[in-house]
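Protein chains in written order, with numbering that gives the first Met the number 0: chain A, 0 to 180; chain B, 0 to 84.
Hints are computed from structural coordinates only; laboratory data are not their basis.
Heads up, none of these hints are tricks.
As a list, the in silico DSBU-like pairs of lysine-lysine whose alpha-carbon atoms are at most 35 Å apart:
#1 Lys50(B) - Lys1(B)
#2 Lys1(B) - Lys40(A)
#3 Lys29(B) - Lys42(A)
#4 Lys1(B) - Lys51(B)
#5 Lys50(B) - Lys42(A)
#6 Lys29(B) - Lys50(B)
#7 Lys51(B) - Lys42(A)
#8 Lys51(B) - Lys40(A)
#9 Lys40(A) - Lys50(B)
#10 Lys50(B) - Lys71(B)
#11 Lys1(B) - Lys71(B)
#12 Lys71(B) - Lys51(B)
#13 Lys1(B) - Lys42(A)
#14 Lys29(B) - Lys40(A)
#15 Lys51(B) - Lys29(B)
Source: prediction; values computed, not measured.
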Amino acid sequence: MNAFTAPVPVSPLAEAVAATRTQPVGVSFVDHSLNPRFGCKGKAAAAWLSGLGLAIPAGANRWLPLPEGGLIARLGNTEFLVEGSAAVVERLHGSAAPAGVAVVLRQDAAIELSGSGLPCLLLQTCNVNFAALNLAESPVVLTSMAGVGVTVIPGAGSYRIWCDGTYGAALWETLHEVAAG
Amino acid sequence: MKIMTCPINGSRPVSEFAYWGAVRDMPDPKAASDTEWADYVFNRDNAPGVKKEWWCHTPSNTWFIAERDTEKDVVINTWLYGENP
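The following block holds chain B by itself, in its conformation from the complex:
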């Protein structure tokens, strides 16, 4: 069983969590070119490695950030948005 640690609720089976995509900086919609905006909306690098991702502990609806090595499938750290990892 894979275990993930919610910053609020503690360690739980990964079945209690939902993945919601990589944490990415949104370009300024008014300043970005169409190419830059389309790249932000549609493109992902898909390269394995250490990524920051949005996850949600679904029973409590707690959203947080997980740093995960997608190559080794290891969760390195988790923290609430706005807090320091």
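Bound-form chain A, shown alone:
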């Protein structure tokens, strides 16, 4: 008999990454899609996560770093994205969500962009003027990038981007083409 073998996780960007091995000049692309991740939403989500020991960003569209590494992002008023260590994420997945909390399946494509060409790439593909944001406020931006709905956390040196995994390859390839153009 064949022993059961758990499926090996595959990034939704795997084929796109393989097809674009050469990084465009000025912009670096990193695939973080396989990072452990948890999502939930609902009126009771903030109180539930707080009860599990997580610090909650005070306002809508803000994020906080986790002590163990990773982050918690508040998407709008009542939805949360947690990305961090496997221990934290597994603890959240293992905790029964109470009434008023719905667990959100997160199968994102997650990209990190950095480099001197990043501001130009953002201007060409996105509607938000990221240069006008105050990074001290830890903003989370939900917008459209190259026609794909994305969640963006801008940083001083690099930007993190999440999108629906099924759109990930298209976004990755489009950003590559624009950055290379």
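Knowing the structure of chain A, use the given hints to seat chain B on it.
Frame of chain A; chain B shown alone:
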């Protein structure tokens, strides 16, 4: 470029939004006559003027209400359902 203001995400191009129809009070399905129910389901007044409409900021799936002058194509105000305009 037309700009609309999401109550959560701020001002964005209207291409980030989807229109989902006028805000209308639903009659009680048990009490309404067939004529009243059919009017609610099928009929729209189509008259230009100031309307309250459902809109959605699609990247964040934020649903809100916009007060819009459909004659002048001007968005007057936007707010979350359940909050005061």
